[in-house]
Each structure stands twice: as structure tokens, then as C-alpha cells.
Amino acid sequence: MSSPVPPDLSDRIAAATANAIRIAEITLPPDVLERIVAASEDETSPVARRELMHILENIRLADERQAPICQDTGIPVIYLTLPPQIPFSSEIVDAVRKGVREATVTIPLRPNLVDPITRHNTGTNTSADMPAVHILPGDRMQVTVLPKGAGSENVSRLKMFTPTEKDRIPEFIVETALLAGGRPCPPIILGVGIGGTFDGAASLAKEALLEPLDQMTPEEMEICQKVNDLGIGPMGLGGKTTCLGVKIKSAGCHTASLPVAVNIQCWAARRATVEVPLS
Amino acid sequence: MTSPDSIDLKTPLGDEVLSLHAGDLVTLTGNVYTARDEAHLRMKTDGIPFDPKGAVIYHCGPVVQNNKIVVAGPTTSARMNPLTGFVLDAGVKGLIGKGGMSPEVRDQLKDRAVYFAFTGGCANLAAARMDLQGVFFEDLGMAEAIWQIRLDHLPLVVAMDAHGGDLFAAVEKSAHEVFQRAYPTCTGTRR
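Residue numbers (full-length UniProt numbering), protein chains in the order written: chain A, 1 to 279; chain B, 1 to 191.
Just so you know, these hints were derived from the structure itself, not from any lab. Every value quoted in this text rests on a predicted model; they were computed, and no experiment measured them. Worth double-checking, as some hints may not be accurate.
Unchecked claim - One side only, chain B facing chain A, incomplete, derived with CB under 8 Å:
| hint | residue |
| --- | --- |
| 1 | P62 |
| 2 | A72 |
| 3 | G73 |
| 4 | V157 |
Stated by the list, open to error - Far from chain B, by Cβ distances over 10 Å, these chain A residues were calculated:
| hint | residue |
| --- | --- |
| 5 | L9 |
| 6 | S10 |
| 7 | P29 |
| 8 | V133 |
| 9 | S156 |
| 10 | L158 |
| 11 | A202 |
| 12 | L210 |
| 13 | P218 |
| 14 | K240 |
All C-beta atoms in this analysis are idealised placements derived from N, C-alpha and C, irrespective of residue type, glycine included.
Please construct the entire structure, taking both the sequences and the accompanying hints into account.
Next comes the structure, spelled out in C-alpha cells:
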């Protein structure tokens, strides 16, 4: 029987969560910003250039106004690393959700969380089971927040391939961007999960979105180029920049299956990590 | 921010919008009304709570605090595809959103109205050029209520014009052709 989480640790977890959400919502990570700046210098069409200038001006204004970058402040996807001396408990999840409720009021965030069928809005961005808190082992206690908007989430896809279809994975990824068109607010980032199980592939795809964009493998760069060749452009209005980056994560899977998930992320690729002081 | 070659428009819009073409850069000044799925459904049953003649509907669910617009970027317009005919019939002359709308809406716009695209996610750029004027159907909640907002030169692009011109459709068609050439044997899902 582990000792209960001390109340002051609960408060620190809540504060760190709210702080991570604030940073993520207001400031774009430097690797993402760098890609958008590079794209704006590369575009030649007046419409595409203007769209990217709007995005850069918006990022500057978010910082100046200390307001969220986008009004779809998303549903926070939360990853928590726990060091060996902190046992996992429901109180830790409660503390994270308390931080989400605080951030909803103080930043403020748009209340996005509803019952899936009645569509009743809880008003707090939390419910008995949301947001999901993914626990990972670590040497320090850290909370990572990825606020996920609906526009890009809604056009994400998962396919259970047969093992002999592995060569068709790149075209599935590119096709996902094609079918999404302008709807996920391009330029987009593609998080790809290959392998695992049905649910595991989706988790891998989401985790891939946490990876920095300044390092891409030749395979990731080739898929990125193929997506850019489509010419969908910023906001689907045409142009050279459809995709800022592709990140692939893979895991072992059943010999008879090959799950592939593509999680689309809009240009507002918000993520932040904050350490929770243990004492 | 405003391009020197953009056309300045003011609400209520008149027949000047009929001469716009897909790809034209414009700015919009004056009152607009936010409306998403729920607001459209309510307007359909209870009536449009503002004067629709020459009005502009903005597909947007803003964050509002203390009677001020905190952030207010566009939402995906395609969700309003089946809910747009009646507002155009009532005299609405402009729609603002992101991602474009269906071929049915493109037909409904003909000789009547235009669809403007505003950069998705640019909620601060929008809010910096907005003044909150009032609200209708507030019981629908912050994101779904109709907010009356005065715009000051919001930069937009004409994405669907009153002659059947459609920037999104043209880009999409070309993207499909590129994809088909890159993966000629692909048998995946097609829209």
C-alpha cells in the first residue's frame, strides 16, 4: 500500500499542468516557427504568401496579447513522467485535471469537452474520464501537454493493412493529406504510427507529434515532399507548402497485422513540457 | 499587414460582391455575425435574429471573456454545407470561414453571394481587428452562440465567387491529379 500523494504535491502537479497548457497555447515551439518562416520565404503565389504572413503575424500577436494562438484551444492530451519514488495513483490524475480546470478559467480556454452523444458541455474541459493522462516512467516528474484541435483531428485516419501491403504505407499517408485538403489548416504536420495494435498505432501517431521537426529521416522527408507536391498549400488555397514535417514512430506488431495511423496536426502545433518540483 | 492591392469592402454588402473573383484579396469592415452548426439549426427553426439583407456570417466559435473577444479564428465551413441555403435565400451576401464549401453551396452562391476564406488558426489577428457588439442565442454556449462583431479591415481572400469560381475546388482537383500520377495504382478511399 503506497502512501497517498501529499496535498502540496497535488497542488504542484496542478500548477505545472496549468503552466504547461499556458505555454503551449500561447507560444509555438521554435522548431515549428522556424519551418513556417522558411515556408513563407519560399512561397511565390500572392495568396499563399499572404496566408503565411497572417500566420506569422498571428503568432506575434498571441505573444503580445498573451492570448491563445488559436480559438480552438483543443482538448489537452497529457503525458506525465513519474520517477520511481512517486507511485501512480488516481490522485495524480485528479491533480492533472485540476490543472486543466484552472487553465480553462485563467488563460482562458474555450470549453471544448462535451458528452459524445448528448453534446452536453461540461464547461471545464474535463470529465470523469478526460483528458486522458498517459503515464511514462522517467527520472524526473514532468508534465507534457499537447492541445489538440478538432479540425486536424477529424481528418486523421487509421488503416489495418495486411502485412504484404507494406509498400503502400507512403501512399496511404500522402492520400490522408490529399483527402484532408484544406480542412486541417495546412501547412500540416503528419504524425505517423506504424505497428503496435489498433489502439497502439493511434497512440504512436500522436506521440510522433511530440517529436521536434528539425530532424527528419530520408523516408520522412520523401513523404513530406510528396505531400508538398500536391500543391494544396496554406489553408488549401494552393501553394508550395502543404506539410511542415512528417514524423514516424513504429512498434512491433502481430505477425498477421500491420496497423498504420496518421494523426494530422495543424500549423499551430502546440506542445510544452514543464517539470514538477518534487519538494 | 493589409496588402496594397486588396479591395476594401464594407457591410452590409451590396451587388459589388458579384463582380469579385476567386483569388481576389479583400479587407472587410463592419458588422458580421458568428454562427456554427447549432446557431444555424436554431435560425432555421426560430428565424434569423439579425437583418440578413447584405449581412455576413462568420463561421467561428470565439473565446469571449468580460464582453471582449479574446480570440476568434474561423472554423471548418464544410459542417455548414447543408445549413447554408436558407441564409442565402434570406439575403446573406457573404460567408467567412475556412476550408471552403460544397458544390451545392457553390451553386447557391451564384449571382447572389461570395465565400471568403480567412486564415485558419489566426484567432489573434482576427481579435485584434474586432469589437464585440452583442449576442444572440447565448444559451447555446460560447462557441455556438451568435456574436455580433464589428470588423476593422479583416484581410480575407475570395475563395468562392458568385460566378461558380472556387479556389478550393481548383486546388483539390489539381492535387488529385498529382496524386494519381504519383500513385497510379492506388485503390484507396476517394472522396
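To see whether the hints hold, each was checked on the structure:
| no. | hint | in the structure |
| --- | --- | --- |
| 1 | P62 | holds, 6 Å |
| 2 | A72 | holds, 6 Å |
| 3 | G73 | holds, 5 Å |
| 4 | V157 | holds, 6 Å |
| 5 | L9 | holds, 31 Å |
| 6 | S10 | holds, 27 Å |
| 7 | P29 | holds, 15 Å |
| 8 | V133 | holds, 24 Å |
| 9 | S156 | holds, 14 Å |
| 10 | L158 | holds, 12 Å |
| 11 | A202 | holds, 18 Å |
| 12 | L210 | holds, 19 Å |
| 13 | P218 | holds, 17 Å |
| 14 | K240 | holds, 12 Å |
Consistency with the previously given hints is maintained throughout, with no hint failing.
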